[in-house]
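With the sequences and hints as input, model every part of the structure.
Residue strings, one per chain:
There are 2 protein chains.
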Amino acid sequence: MTVEQAQREVLSRVQPLGSETVGISCALYRTLAVPITCDLDYPPFDRSVMDGFAVRSADVRETPVTLRVVGQIPAGQITTQRLGAGEAMQINTGAAIPSGADAVVRVEVTEPVDDGRSVLISESVSTGKFISRRGAHAQAGDVALKAGTLITPSEIAVATTAGGAELTVYCRPKVAVLATGNELVDVDTTPVGAQIRNSNQYSLCDLIRTSQADPVSLGTVGDDRDALRAKIEEGLEDDVLCITGGISMGAFDFVPEVLEQCGVTFHVRKMSIKPGRPTIFGTTNRGTLVFALPGNPVSAFVGFEVLVRPALSALCGRSHIERPVKAILDGKLTATTNRRSYFPVSVHIDDDGAMVAKPLSWGGSGDPVGMGGADGFATRAAESPGAVEGDRVDVLLFGRW
Amino acid sequence: MTVEQAQREVLSRVQPLGSETVGISCALYRTLAVPITCDLDYPPFDRSVMDGFAVRSADVRETPVTLRVVGQIPAGQITTQRLGAGEAMQINTGAAIPSGADAVVRVEVTEPVDDGRSVLISESVSTGKFISRRGAHAQAGDVALKAGTLITPSEIAVATTAGGAELTVYCRPKVAVLATGNELVDVDTTPVGAQIRNSNQYSLCDLIRTSQADPVSLGTVGDDRDALRAKIEEGLEDDVLCITGGISMGAFDFVPEVLEQCGVTFHVRKMSIKPGRPTIFGTTNRGTLVFALPGNPVSAFVGFEVLVRPALSALCGRSHIERPVKAILDGKLTATTNRRSYFPVSVHIDDDGAMVAKPLSWGGSGDPVGMGGADGFATRAAESPGAVEGDRVDVLLFGRW
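Residue numbers (my numbering), protein chains in the order written: chain A, 472 to 872; chain B, 472 to 872.
Honestly, the hints are just simulated from the structure, not real lab data.
Among the hints, a few may not be true.
Given that identical chains are not distinguished, each listed pair holds provided it fits within a single copy or across any two copies.
List time: in silico PhoX-like cross-link candidates among lysine-lysine, alpha-carbon distance up to 25 Å [claimed, not checked]:
hint: 1; residue 1: 741; residue 2: 797
hint: 2; residue 1: 829; residue 2: 645
hint: 3; residue 1: 797; residue 2: 829
hint: 4; residue 1: 600; residue 2: 745
Given below as structure tokens:
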């Protein structure tokens, strides 16, 4: 099964979770479940976009000209005073245009006269100049932000302006994380004999955090059917269960059989990728999504990026899958086998603004140390020739929020 | 002053904050203040990288050959049994190689014989095949992660493997945020007369969160010297103070004079950019960084991205400034004046993996609604001609963590 086929198997089975209401201060990187509509025109009144003087454009057709300063309009105030012929009012950026005025002259082209009782204007302005009209940017009832919009600081500015003190957003998925293997010990333990530390537990939890989901760590379980079953049943209570290890061809790889005993139906059993081939995707009757990833840390990373992250985005109400971006290769990649291959790379922007991908020196899928500095995977189709410095290659960047 | 000059003025005055120790589960997107060193070799023992059979390569030089299966080695166990001539042991990925064995045969090229008491091997292997030697990926004492490293899920895998249960990282900056202006009301209030909602307060707080810093909201203060002074003195207690509004040429723009009364020395007073020219950077004797940004929402965004974000990165121990990336323009940009200009754009990756920047229809720097969907700013040097569809333009992407 190709990656694209596997992704379709996953996304065809994912519905966004329910929604909840959050204050605007807690909405960063959430996804809108309900559109935000402007409650007022914006701007809500005709206002000046410059510091200067509100005038009648007819009075400044010929310049230089001196006008009487009959008032001052600070931002936030509506003046009842009407501007008459030969008059000007000092006005600040954002302040309301007084009735009678139809343009603003920038302070830079003016000079106070007679202690500021008058102003000498050296530049004429056309009607409407430096005035932002009521409703110029949005009208009451306009949809300011559509459902499905990811909330970044840009959208926060929009939502605030539209009066969105509270936003209805999709819930964050709860993702249970379970690492399997008799060889695993926790990070604070010193491995002895044939033990290694359980790195997947921590890297997966943070990969999940970068997917706007909440990890629920189930810790580590040995290669024991009963203990495995108990943990899996616990994990199936959440929206998603991610397991690492125990899915290969080893004599102690019990995960697939125990998942089936727990009522998980498999839709992806193997993918034509390297590393990560044995990756499993399944579902339960109550709709829990189950991903069983290889125990090798790099393989688990690949499985997460190609299947789990897109699934979590869809659960959060976002439909699109991050596309690989083209980058210039700063190094070499080996030719690929009959499977699409993934190579950890660091990425930076060069002086010309081009994205440059540098292959990391890693010791294969079992080498977590080689992942240090990885920003993504360079990915090459099956049966591709080797790639050399300067080639343009596809890079799947890791999500960054 | 150019943007580059202003950035030098800022960065030459920024030192990383102190450090603190956090558990590995809380280290995502923090910056290492102290390197992480491997406490053990990795792998810590010679191990199999395949599921199959541990053998003596000499025994399988000629194939097919049948070997006696004298044991089974699950991951996590050291077997004391020594492999003799003509013998094989079943072994799983990650399990320790038994003494006497010098290669692993993949299970795919084997067949059980005599109820599994023997195994028929159809492929010969060279010495060391499918064995990952102790210390192949890292040796005890190696620096696994350097100081200054940003911790992403990739580095979490490294840190865990190296035994980094706790990491010493730079502290997160505390950034006070103060919006000024008589015209401002809060998001949950309906503006009347010449009022507008205070969008900068919320968008700046989230821009700060995306910079790995903690915003401290000081709310809104009117154009009143004494009230302004009280709020500014409160904000100067934090690592950074960000003010919006009150810095232009209006009759009520008191911020610069009050900042000076509070002992702030200015290093940047104006920048040759559009929008955002009046942006101010200053410092106090105790080292607080002060940024006074224009009140117009888009201008405040530009000031944040070009000066504040680099400063916050440096406070967090990261030295580099994000470089603009080249993107293909999907739309038009107007010619620039004598100032470098910034245009809000949305960005996506096209089918060829190229970054495409689409200018947003915005109503100028006073239009927060026009920021919706902005992923960055297309930026053009002073005196640049207009840009048209298909041109390659520089895009400053907003930070995403």
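- Query: Given identical chains, is residue 829 near residue 645, meaning Cα to Cα at most 25 Å, within a copy, between copies, both, or neither?
  - Reply: Close neither inside one copy (34 Å) nor across copies (35 Å); limit 25 Å.
- Should residue 600 paired with residue 745 be assigned to within, between, both, or neither, using CA atoms and 25 Å as the limit? Between copies only: 19 Å across, 62 Å inside.
- Query: Given identical chains, is residue 741 near residue 797, meaning Cα to Cα at most 25 Å, within a copy, between copies, both, or neither?
  - Reply: neither (27 Å within a copy, 38 Å between copies)
- Task: Since the copies are identical, ignore which copy is meant and state whether residue 797 and residue 829 lie within 25 Å (CA to CA) inside a copy, between copies, both or neither.
- Result: Close inside one copy (13 Å) and across copies (18 Å); limit 25 Å.
Going through the hint list in order, the structure does not satisfy hints 1 and 2.
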